[in-house]
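Chains as they are written, first to last, in our numbering: chain A, 1 to 72; chain B, 73 to 144; chain C, 145 to 216; chain D, 217 to 288; chain E, 289 to 360; chain F, 361 to 432; chain G, 433 to 504.
Worth flagging that the hints you see were computed from the coordinates, not collected in a lab. Keep in mind that a hint or two might mislead.
Stated by the list, open to error - Using 20 Å as the maximum straight-line C-alpha spacing, the simulated SDA-like pairs for lysine to any residue come out as follows:
1) E:Lys-338 - F:Arg-377
2) G:Lys-481 - F:Thr-415
3) B:Lys-130 - C:Ile-215
4) D:Lys-230 - C:Ile-215
5) F:Lys-418 - F:Arg-377
6) A:Lys-56 - A:Glu-27
7) G:Lys-455 - G:Asn-436
8) A:Lys-58 - B:Lys-130
All of these numbers come straight from a predicted model, not from anything done at the bench.
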Amino acid sequence: MEENRPIDALNNSKGKRVLLRLKNGTEISGTLKAQDLHLNMWLTDVELKKDEETTKYKDMLVRGDTVLYIIL
Amino acid sequence: MEENRPIDALNNSKGKRVLLRLKNGTEISGTLKAQDLHLNMWLTDVELKKDEETTKYKDMLVRGDTVLYIIL
Amino acid sequence: MEENRPIDALNNSKGKRVLLRLKNGTEISGTLKAQDLHLNMWLTDVELKKDEETTKYKDMLVRGDTVLYIIL
Amino acid sequence: MEENRPIDALNNSKGKRVLLRLKNGTEISGTLKAQDLHLNMWLTDVELKKDEETTKYKDMLVRGDTVLYIIL
Amino acid sequence: MEENRPIDALNNSKGKRVLLRLKNGTEISGTLKAQDLHLNMWLTDVELKKDEETTKYKDMLVRGDTVLYIIL
Amino acid sequence: MEENRPIDALNNSKGKRVLLRLKNGTEISGTLKAQDLHLNMWLTDVELKKDEETTKYKDMLVRGDTVLYIIL
Amino acid sequence: MEENRPIDALNNSKGKRVLLRLKNGTEISGTLKAQDLHLNMWLTDVELKKDEETTKYKDMLVRGDTVLYIIL
Chain A
1 MEENRPIDAL NNSKGKRVLL RLKNGTEISG TLKAQDLHLN MWLTDVELKK
51 DEETTKYKDM LVRGDTVLYI IL
Chain B
73 MEENRPIDAL NNSKGKRVLL RLKNGTEISG TLKAQDLHLN MWLTDVELKK
123 DEETTKYKDM LVRGDTVLYI IL
Chain C
145 MEENRPIDAL NNSKGKRVLL RLKNGTEISG TLKAQDLHLN MWLTDVELKK
195 DEETTKYKDM LVRGDTVLYI IL
Chain D
217 MEENRPIDAL NNSKGKRVLL RLKNGTEISG TLKAQDLHLN MWLTDVELKK
267 DEETTKYKDM LVRGDTVLYI IL
Chain E
289 MEENRPIDAL NNSKGKRVLL RLKNGTEISG TLKAQDLHLN MWLTDVELKK
339 DEETTKYKDM LVRGDTVLYI IL
Chain F
361 MEENRPIDAL NNSKGKRVLL RLKNGTEISG TLKAQDLHLN MWLTDVELKK
411 DEETTKYKDM LVRGDTVLYI IL
Chain G
433 MEENRPIDAL NNSKGKRVLL RLKNGTEISG TLKAQDLHLN MWLTDVELKK
483 DEETTKYKDM LVRGDTVLYI IL
């Protein structure tokens with residue numbers, strides 16, 4: 001069976017680390033806990049990098065329309 | 073039972089403190105009183121930080137499409 | 145009975161003073177005469193602040209998609 | 217009977233002078249000949265102000281999504 | 289019979305000269321050959337002005353969401 | 361029979377050269393192989409001009425919402 | 433049989449190398465593993481070029497609304 005929707009790339013990554021690049025340049029890495037078709041994502045154990053500065057958060061909800069791409 | 077929608081992250085935070093980062097850089101923290109699928113949020117006991125300045129408000133309605141991410 | 149939609153925050157403010165912050169930085173305060181789910185608002189006895197300058201208007205219709213947040 | 221939709225503010229102004237502020241800062245005043253729910257407006261006897269310069273037009277159709285607010 | 293939709297302003301101008309101002313400041317004049325509810329327009333005998341420079345084209349399709357307003 | 365939809369302008373150009381101006385200023389010319397109502401276009405034998413530099417491509421899919429206007 | 437939808441250009445490229453230009457100027461090349469009507473794309477063996485710097489990734493999901501055009 002072949003997977004053939006882009007969202008499957010994200011579905012396959014549930015429970016794994018993903019790296020997001022936002023439209024404003026922010027880079028967010030975290031463990032993917034939940035995702036939907038709009039690319040909204042619930043991440044845990046998050047590291048956020050902006051302007052050379054890194055901050056850690058336990059839980060984060062990222063709005064999908066701010067995402068440029070996701071590295072899996 | 074497993075939760076598997078990103079919006080559940082927000083639903084679980086009802087009555088708790090959340091921290092929003094808006095697309096224009098504003099940071100808003102407050103107690104989540106109500107939320108919807110568009111990420112519109114009704115917050116109480118709000119602290120808003122913009123350009124190093126902090127302002128407090130009792131009740132605020134934040135438009136979801138201005139949100140970058142929510143720290144839970 | 146508990147209220148649980150963000151729009152209820154706005155519905156509760158009908159006839160009361162509200163303060164809007166627009167995406168372009170403009171600040172508008174007025175008495176809320178009507179509102180809808182898109183956050184379009186009809187305000188009366190309006191004060192508009194932009195770049196340190198204040199202007200007063202009797203009636204104003206604000207387009208909801210220009211709103212950042214509403215202080216209630 | 218109470219009016220309770222923001223669009224009623226605009227409907228009430230049919231045939232009267234209205235003043236629009238666009239998202240790009242342009243200011244347009246005119247007599248409202250027709251309007252719809254998207255805030256598209258057909259204006260007559262129009263005065264347009266941009267960067268201190270005023271121009272007059274007989275008929276204009278303004279696209280609603282360029283509007284910030286309307287003074288009635 | 290009274291016309292009462294903004295799009296009627298455009299429908300009335302079919303076969304006539306119209307002047308468009310785009311969101312990026314470009315000014316386009318042409319004869320309106322076809323239009324739709326999204327304000328997409330098919331123009332002929334077009335003159336386009338951008339940064340003091342004028343260019344002429346025979347046929348042009350303008351995407352409606354780039355339009356600020358239309359002078360009729 | 362009169363054509364009366366803007367999209368007909370594009371449909372008529374199938375198999376012919378078209379010139380697109382994108383919102384970011386890029387200019388793209390090519391032979392129109394396929395188009396849809398969103399103004400997505402499949403072009404062949406493409407020439408792309410950006411900042412005085414020209415590049416040639418065999419096949420290109422242009423996203424319609426990046427288009428300002430199309431010269432036919 | 434003639435192909436006549438722009439998306440067919442992308443469907444034909446499944447399993448082949450494609451080159452995307454994003455709205456923020458980033459250039460992404462990769463092997464197309466999956467695509468949808470919104471131009472969301474799942475790419476493998478990715479090379480990303482931004483500001484003269486190239487980075488390689490195994491798997492990437494690109495959000496379609498950030499795409500300017502796709503070279504096939």
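Against the 20 Å threshold, does the CA-CA distance of Lys-58 of chain A and Lys-130 of chain B hold or violate the hint? Outside the cut-off at roughly 27 Å; violated.
Measure nothing beyond the straight line between the CA atoms of Lys-338 of chain E and Arg-377 of chain F; if it is 20 Å or shorter, mark the hint as holding. Judged against 20 Å, a Cα distance of about 23 Å means the pair is violated.
Does Glu-27 of chain A sit within 20 Å of Lys-56 of chain A, going by the straight-line distance between their CA atoms? 12 Å, holds
Between Lys-481 of chain G and Thr-415 of chain F, does the CA-CA distance stay at or below 20 Å? Given pair Lys-481 of chain G, Thr-415 of chain F holds - Cα atoms ~17 Å apart, limit 20 Å.
Given the proposed pairing of Lys-230 of chain D with Ile-215 of chain C, does the C-alpha separation stay at or below 20 Å? With a Cα-Cα distance of about 31 Å, the restraint between Lys-230 of chain D and Ile-215 of chain C is violated, given a limit of 20 Å.
Below or equal to 20 Å on CA atoms is what counts here, so check Lys-130 of chain B against Ile-215 of chain C. 8 Å, holds
Below or equal to 20 Å on CA atoms is what counts here, so check Lys-455 of chain G against Asn-436 of chain G. The hint is violated at about 26 Å.
Does the alpha-carbon distance linking Lys-418 of chain F and Arg-377 of chain F stay inside the 20 Å limit? 14 Å, holds
Of the numbered hints given earlier, the model fails hints 1, 4, 7, 8; all others are met.
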